[in-house]
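Participant: Use the sequences and the hints to build the structure in full.
Anchor point for the sequence shown: position 84 equals 84 in our numbering, and the numbering is continuous, going up by one each time.
Keep in mind the hints are simulated off the structure, nothing from the lab. A couple of the hints might just be wrong.
Per label pair, the in silico range of CB-to-CB distance [to be verified]:
1) Ala336 <-> Leu119: 25 to 35 Å
2) Ala167 <-> Arg144: 47 to 57 Å
3) Pro295 <-> Ala330: 53 to 63 Å
4) Asp188 <-> Ser50: 33 to 43 Å
5) Ala318 <-> Arg97: 48 to 58 Å
6) Asp255 <-> Asp335: 28 to 38 Å
Here the structure is a predicted model, which is why all the values come from computation and not from measurement. The C-beta atom is built at its ideal place from N, Cα and C for all residues, glycine as well.
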Amino acid sequence: MSHGVVVAGGGTAGHVLPGVAIARALVDRGVVETPEEVHMVGSRRGIERSLVPAAGFPLVLLPGRGIQRRLTPANVGAVLGLLAAFLRAVLLLLRRRPRVVVALGGYASVPCGLAAVLLRIPIVVAEQNAVPGAANRLLGRFARACAVPAATTGLPRAVVTGNPVRAEVARLADGAGRDAARVAHGLDDRPFLVVFGGSLGARRINRAVLEAVRDWEGEEIVVHHVLGRRDWADPSVERHTAAHAVEYRPVEYEDDLPTALAAADLVLCRSGATSVAELGVIGVPAVLVPLPGAPDDHQTANARLLSDVGAVRLLPDAEVDGRRLRLLLAELLGDAPRRSRMADAAAATGRPDAADRVAELVEAHARG
Numbered sequence: 001m002s003h004g005v006v007v008a009g010g011g012t013a014g015h016v017l018p019g020v021a022i023a024r025a026l027v028d029r030g031v032v033e034t035p036e037e038v039h040m041v042g043s044r045r046g047i048e049r050s051l052v053p054a055a056g057f058p059l060v061l062l063p064g065r066g067i068q069r070r071l072t073p074a075n076v077g078a079v080l081g082l083l084a085a086f087l088r089a090v091l092l093l094l095r096r097r098p099r100v101v102v103a104l105g106g107y108a109s110v111p112c113g114l115a116a117v118l119l120r121i122p123i124v125v126a127e128q129n130a131v132p133g134a135a136n137r138l139l140g141r142f143a144r145a146c147a148v149p150a151a152t153t154g155l156p157r158a159v160v161t162g163n164p165v166r167a168e169v170a171r172l173a174d175g176a177g178r179d180a181a182r183v184a185h186g187l188d189d190r191p192f193l194v195v196f197g198g199s200l201g202a203r204r205i206n207r208a209v210l211e212a213v214r215d216w217e218g219e220e221i222v223v224h225h226v227l228g229r230r231d232w233a234d235p236s237v238e239r240h241t242a243a244h245a246v247e248y249r250p251v252e253y254e255d256d257l258p259t260a261l262a263a264a265d266l267v268l269c270r271s272g273a274t275s276v277a278e279l280g281v282i283g284v285p286a287v288l289v290p291l292p293g294a295p296d297d298h299q300t301a302n303a304r305l306l307s308d309v310g311a312v313r314l315l316p317d318a319e320v321d322g323r324r325l326r327l328l329l330a331e332l333l334g335d336a337p338r339r340s341r342m343a344d345a346a347a348a349t350g351r352p353d354a355a356d357r358v359a360e361l362v363e364a365h366a367r368g
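Facilitator: Encoded structure:
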């Protein structure tokens with residue numbers, strides 16, 4: 001069976017990477033015959049501008065920006081931009097005539113999803129977070145099915161599929177490739193801590209880690225610290241001082257994060273939906289620091305999917321400082337049996353086949 005599918009949404013890697021994983025699964029399952037039949041729709045301001053073409057799928061970028069959740073004159077222009085994006089989406093769907101529109105969330109999913117409602121094209125929502133975003137809450141009312149990461153997500157006609165992960169992550173499921181990953185990072189028997197906070201970085205986490213490694217008093221460890229563009233370029237960030245027991249490896253950006261995660265004994269990061277899904281699939285214990293101020297506190301809800309089963313320690317952002325972090329990391333890195341139990345608990349939540357499950361939903365409604 002070969003029918004065109006439109007996958008709409010983006011803005012952040014947390015939306016785009018699951019969308020690319022779904023698109024690849026649609027091709028692999030034969031729901032479409034070629035990548036050109038999966039048309040992805042994003043916004044001009046989103047990271048999809050680079051990620052989607054690199055993955056080999058056609059991309060249309062809609063104008064406009066999201067509406068702010070407060071009264072501001074900028075919302076007048078945002079509404080006009082949304083109207084222009086809606087008209088562009090209607091024309092796109094009339095031209096493409098897809099059998100299904102997959103809504104990922106984010107700005108671009110709204111005009112494309114509403115255009116699908118107008119044209120009576122079935123919608124499948126793919127929600128990544130434990131708490132759905134505003135776009136998917138709106139489009140979920142009209143969707144034939146909502147693919148969700150957990151039963152508690154709260155969207156109508158929900159099907160628990162898990163959050164789709166990249167193929168290079170799925171291949172590392174439940175510890176596969178760990179030995180090769182550790183060789184790639186030149187590791188010995190010392191515990192390996194991986195720290196990251198997104199492409200820009202996470203300033204509070206970065207500064208606390210720098211203080212923790214400077215004052216480290218525990219066993220010898222290796223720390224792979226992805227600082228992000230902002231703190232890497234900040235001359236006030238001192239990243240060259242660490243205790244004798246710490247081999248400190250700062251980098252601006254990690255091109256192959258899945259391999260670093262597979263090699264890790266412990267991870268310290270935010271609790272975005274993609275990070276939580278990848279930690280579960282690979283089976284890695286972690287300390288998660290939810291981003292404060294995230295809409296509907298969805299990062300805390302994401303973290304609880306793992307903390308409730310004992311796979312991670314949840315640390316509020318306000319409590320992150322060098323001393324607290326040093327004590328917590330030393331406690332976990334010094335207790336290999338506990339980390340092993342945490343890794344097993346994480347792996348039990350992982351769904352490496354999530355993209356296939358979503359593609360199966362899309363296929364069912366394309367047939368229907």
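Participant: Give a verdict on every hint.
Facilitator: To see whether the hints hold, each was checked on the structure:
Between Ala336 and Leu119 the beta carbon distance is about 57 Å. The supplied range of 25 to 35 Å is therefore violated. For Ala167 and Arg144, the Cβ-Cβ distance of about 26 Å falls outside the hinted range of 47 to 57 Å, so the restraint is violated. At roughly 34 Å, the beta-carbon separation of Pro295 and Ala330 lies outside the given 53 to 63 Å, and the hint is violated. Between Asp188 and Ser50 the beta carbons are some 36 Å apart, a value that agrees with the proposed interval 33 to 43 Å.
Our hint of 48 to 58 Å for Ala318 and Arg97 holds, since their Cβ atoms are close to 51 Å apart. Between Asp255 and Asp335 the beta carbon distance is about 31 Å. The supplied range of 28 to 38 Å therefore holds.
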